[in-house]
Each structure stands twice: as structure tokens, then as C-alpha cells.
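Asks: Sequence:
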Amino acid sequence: MFNFTKTEILGLDIGSSSVKAVRLRKDGSGYSVAAAGFTEIAVSEETNKNINTVKAIRECFELVGSRTTFAVCGLSGPEVAVRDFEFPSLSTAEIDGAVLFEASQVCPFNAADSAVDYHLIPDGDDKTRGTLVAATNSLIAGKVNLAKEAVLKCVLMDVEGLALLNCFNGLAGDSDKSTTAILNVGCSGTTVAIMGSNARPFVRDMTFAGNDIINQIAADQNMSTEDVKRILSDESTTAQAQLNDSLGKACQKLIVDVSNTLRYYATQEKSTRVEKIFVCGGFALTNGFIELLNGRLGIEVVLWNPFEKISCDTSPQFKDICDKRGPVLAVAAGLAMRSV
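Just so you know, my numbering puts 283 at position 283 of the sequence shown, and the rest follows in order with no gaps.
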């Protein structure tokens, strides 16, 4: 959306329960970590929950010790749409209007109150094809203002699902070129992102996520949500065993949502069957979650830590964060790969 000369930026992932930040360097050998940070957002009973979010952004910014205040932020959820389009061959002057009209037809919100951008995908024929992205102005303004209150400048806005695909494709080797899906399960949202052989991204955001699973387990076990979180993150298999059945039941809706999404994707023109799912996000680190998905989805499922392919020799502190929380930092890494 903006045009700047290439400069140092911070990939800033502002979630509902935590803030993640990544700064990368790129040279001839690939990407390396310049800085990485993770800060939880304190739970607050106050009406204005943005206060704690801004505080967490500042703490995360101090943690990474970044010299730049330029940030790339991400958007996801029901106020974001990523859609393919195909028109008869159009002139450059005609494309903008055609895309805006298409957005008004396919977006589940008022496109007139949204920012719309697009990317053309040449296909060697007489069609004008591409992908459009739309997000409500209120959602964009919310992220921009959070960064601004933390004394950062949001110089570019990306879609989190596209950032994940950008990250995966930027690191993928030849063995990863088959049709794969990225499943990002956070506290308040879940994203399925797929890049198939037709080079068209497919992104679907769902509202059922980690918090819903935790709440269902807590109700089923008559426990507090904090106790459930503690047990699911505990290394003790004995403590976790008591929640296995509840975890399976609580994840059923997520599994159905993901299965339906993959089935829908497979029916699209020129789409191929997803062969492997890479899972990231805060809930991905939950004990037993990857194994559960592996058994229920009928597709190979693996935990994805993008930092296994990104060198980190700047400091032991940053390396520890990337090793332990790498799957949580995937969106921030993808945002950090954008150039402005």
C-alpha cells in the first residue's frame, strides 16, 4: 500500500493475548535473525483493553532492542478477505475499477468502507487474473493506532495468512514444493493458508481457536482455564493424560472446520490435494495437539518452526526465544520478510 526505499523493518504481530516481534537480515545465504521478542498481554478487567496491549508492544520493542521504529503489521479475521478474480482481458486503466466492483460483490463486509489492493498473476492467455485483498478501514486503523501509541510507525499492512505463505515459500526447499497448508491456531483466531501449483494463495480465517478449546476443556473437567493451560503446557504426561479425552472433544469443531476448508479448496479449479499440514501459532505448542490432528485429519501434520531454517547467532537470548517459541513467531517472521 505504500512505496518506500528498502529499509530496516520490524515484523510486528499484535495478537489478542501476546505480542511477537521479529527483525531479519537477508544476504546471499538466506535469512538470519537480527532480533526476536515475545511479550504476553496482561489480562485486564478494564473497559479499554488497548492499554495493556500498547504496554506489551512497548515491552516487546524494548526486548528486541530494535533500532528501527518502522513496523509491518498483520490483519486477520472476519473483516479481512482474500479472493481470486478472473476477468476478460482488461487494460491497465480498467483493472482498478473492475477489482473494486468485484470486491463489493465477494467481500462479507462493506467494501466501500474498506481498503482494497490486488496482485495480478499472469497466466499466458487472454484473461486478467489475480488475487484481491480487502480489509475494513476500522480494523486497519485499530492496528495502526496501537503501533502509534507504542511509538512505532506501521509503514505497511499485510494479511497474516499471506505473511505465513510468504515465510514458508521464502524458506522452502525442493522437498517442500508439494501442495501444503499452513494452519495457524492462535488464542482467538485460526487461519488456513495454502499456496498450490497455480500460484494463487488461498486463505481462510476462522473464529474458533485456542481460547474456545481451553474453555470447553475447563467446562468439561470443572477446572479453571488457568489450570487447563498449565496442565496442557506441562511436560508431565501423567498430568496431561487426564485431559486427553477432553482435548479430543474440544478440538472436534476445529478439526471439522479445517477438514471442510481443505475439502472446499480441493474442489476449486486447478487445485490439488493438500499433502501436508504445517501447524504454527500459540496453541500449536499444546501437548498432544499435533498428535491429535495427525490422527484425525488423515493428512500428515507436523509442527512448523520457521526458525529451523533461519540462522540465529546474534545472541543466546534471541536464539532461546526462536527455539522455544518459533511456531508462535511464524506470522511475525513472515511480516519481517516484507520489504518497504
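FYI, nobody ran anything at the bench for these hints, they're computed from the structure. It cannot be assumed that every hint is accurate.
As the list claims (entries may be wrong) - Straight-line Cα separation of at most 27 Å, DSSO-like style, residue types lysine-lysine; simulated pairs:
id: 1; residue 1: Lys324; residue 2: Lys229
id: 2; residue 1: Lys253; residue 2: Lys26
id: 3; residue 1: Lys26; residue 2: Lys229
id: 4; residue 1: Lys153; residue 2: Lys26
id: 5; residue 1: Lys249; residue 2: Lys309
id: 6; residue 1: Lys49; residue 2: Lys153
id: 7; residue 1: Lys143; residue 2: Lys127
id: 8; residue 1: Lys309; residue 2: Lys55
id: 9; residue 1: Lys229; residue 2: Lys49
id: 10; residue 1: Lys276; residue 2: Lys309
id: 11; residue 1: Lys324; residue 2: Lys55
id: 12; residue 1: Lys26; residue 2: Lys309
id: 13; residue 1: Lys270; residue 2: Lys127
id: 14; residue 1: Lys319; residue 2: Lys309
id: 15; residue 1: Lys55; residue 2: Lys148
id: 16; residue 1: Lys276; residue 2: Lys324
id: 17; residue 1: Lys127; residue 2: Lys49
id: 18; residue 1: Lys153; residue 2: Lys143
id: 19; residue 1: Lys55; residue 2: Lys127
id: 20; residue 1: Lys270; residue 2: Lys249
id: 21; residue 1: Lys49; residue 2: Lys148
id: 22; residue 1: Lys55; residue 2: Lys229
id: 23; residue 1: Lys319; residue 2: Lys229
id: 24; residue 1: Lys249; residue 2: Lys229
id: 25; residue 1: Lys127; residue 2: Lys148
Asks: So, for every hint listed, does it hold in this structure?
Replies: Outcome of the hint check:
With a C-alpha separation of about 17 Å, the suggested pair Lys324 and Lys229 falls inside the 27 Å cut-off, and the hint holds. Restraint check: the Cα-Cα separation between Lys253 and Lys26 comes to about 40 Å, which exceeds 27 Å; the hinted pair is violated. For the proposed pair Lys26 and Lys229, the alpha carbon gap of about 37 Å is over 27 Å, so the pair is violated. A distance of roughly 22 Å separates the Cα atoms of Lys153 and Lys26; the hinted pair therefore holds under the 27 Å criterion.
For the hint pairing Lys249 with Lys309, the CA-to-CA distance comes to about 34 Å; that exceeds 27 Å, so the pair is violated. Annotation: proposed proximity of Lys49 to Lys153 holds, straight-line Cα distance about 21 Å (limit 27 Å). About 36 Å separates the Cα atoms of Lys143 and Lys127, which puts this hinted pair outside 27 Å; it is violated. Taking the CA atoms of Lys309 and Lys55, the gap is near 31 Å; set against the 27 Å cutoff, the hint is violated.
Only pairs whose Cα atoms come within 27 Å are accepted, and Lys229 paired with Lys49 is accepted, the gap being roughly 22 Å. For the suggested pair Lys276 and Lys309, the alpha carbons sit about 18 Å apart, so the restraint of at most 27 Å is met. Between Lys324 and Lys55 the CA atoms are separated by roughly 23 Å; this keeps the pair inside 27 Å, and the hint holds. Taking the CA atoms of Lys26 and Lys309, the gap is about 13 Å. The hint holds against a cut of 27 Å.
Using a Cα cut-off of 27 Å, the hinted pair Lys270 and Lys127 holds, with the two alpha carbons roughly 15 Å apart. The straight-line distance between the Cα atoms of Lys319 and Lys309 is roughly 13 Å, inside the 27 Å bound, and the hint therefore holds. At roughly 12 Å between alpha-carbon atoms, Lys55 and Lys148 fall within 27 Å of each other, so this suggested pair holds. A distance of roughly 23 Å separates the Cα atoms of Lys276 and Lys324; the hinted pair therefore holds under the 27 Å criterion.
For the proposed pair Lys127 and Lys49, the alpha carbon gap of about 47 Å is over 27 Å, so the pair is violated. Restraint check for Lys153 and Lys143: satisfied, since their Cα atoms lie roughly 10 Å apart, inside the 27 Å limit. Between the alpha carbons of Lys55 and Lys127 the distance comes to roughly 49 Å, so the proposed pair goes past 27 Å and is violated. Using a Cα cut-off of 27 Å, the hinted pair Lys270 and Lys249 is violated, with the two alpha carbons roughly 35 Å apart.
Straight-line distance between C-alpha atoms of Lys49 and Lys148 comes to about 16 Å, which keeps the hinted pair within the 27 Å bound. With a C-alpha separation of about 23 Å, the suggested pairing of Lys55 with Lys229 holds against the 27 Å cut-off. For the hint pairing Lys319 with Lys229, the CA-to-CA distance comes to about 25 Å; that is within 27 Å, so the pair holds. Our distance criterion of 27 Å between C-alpha atoms is met by Lys249 and Lys229, whose separation comes to about 16 Å.
Pair hint Lys127 plus Lys148 does not hold up; C-alpha atoms about 41 Å apart against a cutoff of 27 Å.
Consistency note: the structure conflicts with the earlier hints numbered 2, 3, 5, 7, 8, 17, 19, 20, 25.
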